[in-house]
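Peer 1: What follows is the residue order along each chain.
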Amino acid sequence: QQQVKQSPQSLIVQKGGISIINCAYENTAFDYFPWYQQFPGKGPALLIAIRPDVSEKKEGRFTISFNKSAKQFSLHIMDSQPGDSATYFCAASFIQGAQKLVFGQGTRLTINP
Amino acid sequence: KAGVTQTPRYLIKTRGQQVTLSCSPISGHRSVSWYQQTPGQGLQFLFEYFSETQRNKGNFPGRFSGRQFSNSRSEMNVSTLELGDSALYLCASSWGPGSDEQYFGPGTRLTVT
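For the record, the sequence lines run as chains A and B. Using this note's numbering, count along the first sequence one by one with no gaps and you end on 113. Using this note's numbering, count along the second sequence one by one with no gaps and you end on 1113.
These aren't lab readings, by the way, just hints derived from the structure by calculation. Here the structure is a predicted model, which is why all the values come from computation and not from measurement. Honestly, I wouldn't trust all of these hints.
[What the hints assert, rightly or not] Below, simulated DSBU-like cross-link-like pairs (lysine-lysine); rule was C-alpha separation at most 35 angstroms, straight line:
hint : chain 1 : residue 1 : chain 2 : residue 2
1    : A       : LYS57     : A       : LYS71
2    : A       : LYS5      : A       : LYS15
3    : A       : LYS58     : A       : LYS5
4    : B       : LYS1013   : A       : LYS42
5    : A       : LYS42     : A       : LYS58
6    : A       : LYS71     : A       : LYS42
7    : A       : LYS42     : B       : LYS1057
8    : A       : LYS42     : A       : LYS57
9    : B       : LYS1057   : A       : LYS58
10   : A       : LYS57     : A       : LYS68
11   : A       : LYS68     : B       : LYS1057
12   : A       : LYS58     : A       : LYS68
13   : B       : LYS1057   : A       : LYS5
14   : A       : LYS68     : A       : LYS5
15   : A       : LYS42     : A       : LYS15
16   : A       : LYS57     : B       : LYS1057
17   : A       : LYS68     : B       : LYS1013
18   : B       : LYS1057   : A       : LYS71
19   : A       : LYS71     : A       : LYS5
If we strip away everything but chain A, and leave its shape as in the complex, we get (with noise of 0.2 angstroms):
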């Protein structure tokens, strides 16, 4: 019931085309989605974050989407480019807890040029 399950696992997108990453949880009591970003070397970089509240949060490039019924949100990324390359993660918390995060695996996104 903690767990996080991430898809896909590794995804290749052209320039200028859209990225598509989803997630899905069990537990209905986590309230706080975030999406890191992590390049080789890196620690994970906090990309935007969304409460159950809403269905959609978009903050340039990125979107996320929520579907609090189907327990399901995913990451959009617009306009993909070449520097977005990275691993991306999925994250859920409580947010009196929301120092303890559960992640999904990962998905290893590469963007042709």
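Place chain B on chain A using the hints.
Peer 2: Then chain B, alone, in the frame of chain A:
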């Protein structure tokens, strides 16, 4: 504002030894969390400290321990190292309970031989 710093960045130890890793959070942040990242298990929560007290603990053996000092700096210790402890150990800081956003350091790469 300086980010989260971790020392050392790389470490090689022998089975049976013990190791201590250090983390300095972002100035003003009082909560520090530790995560283990491996290719097989992904990112897993170890423990979280706030105001020198352990608030949350993940599912790791007692060989893994930590502490936090009055200046919010934190250390984690692994005793009786095993080959399977080889991983990237990440520290994340946040303002404290109820604060969503966690910011990660670059990690300490531990290799156990």
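Peer 1: All hints are to be evaluated individually against the structure, with a verdict given for each.
Peer 2: Going through the hints against the structure:
1. LYS57(A) to LYS71(A): holds, 16 angstroms
2. LYS5(A) to LYS15(A): holds, 26 angstroms
3. LYS58(A) to LYS5(A): Satisfied, since the Cα-Cα distance of roughly 22 angstroms is no more than 35 angstroms.
4. LYS1013(B) to LYS42(A): holds, 22 angstroms
5. LYS42(A) to LYS58(A): holds, 25 angstroms
6. LYS71(A) to LYS42(A): Distance of about 30 angstroms is within 35 angstroms: holds.
7. LYS42(A) to LYS1057(B): holds, 24 angstroms
8. LYS42(A) to LYS57(A): holds, 26 angstroms
9. LYS1057(B) to LYS58(A): The hint holds at about 33 angstroms.
10. LYS57(A) to LYS68(A): It holds: about 14 angstroms lies between the C-alpha atoms, which stays within 35 angstroms.
11. LYS68(A) to LYS1057(B): At roughly 27 angstroms apart (the allowed maximum being 35 angstroms), LYS1057(B) and LYS68(A) satisfy the hint.
12. LYS58(A) to LYS68(A): Holds, at roughly 17 angstroms.
13. LYS1057(B) to LYS5(A): With Cα atoms ~22 angstroms apart, LYS1057(B) and LYS5(A) stay inside 35 angstroms; holds.
14. LYS68(A) to LYS5(A): holds, 15 angstroms
15. LYS42(A) to LYS15(A): Within the cut-off at roughly 23 angstroms; holds.
16. LYS57(A) to LYS1057(B): holds, 31 angstroms
17. LYS68(A) to LYS1013(B): violated, 45 angstroms
18. LYS1057(B) to LYS71(A): holds, 25 angstroms
19. LYS71(A) to LYS5(A): holds, 11 angstroms
Hint 17 from the earlier list is the only one contradicted by this structure; the remaining hints agree with it.
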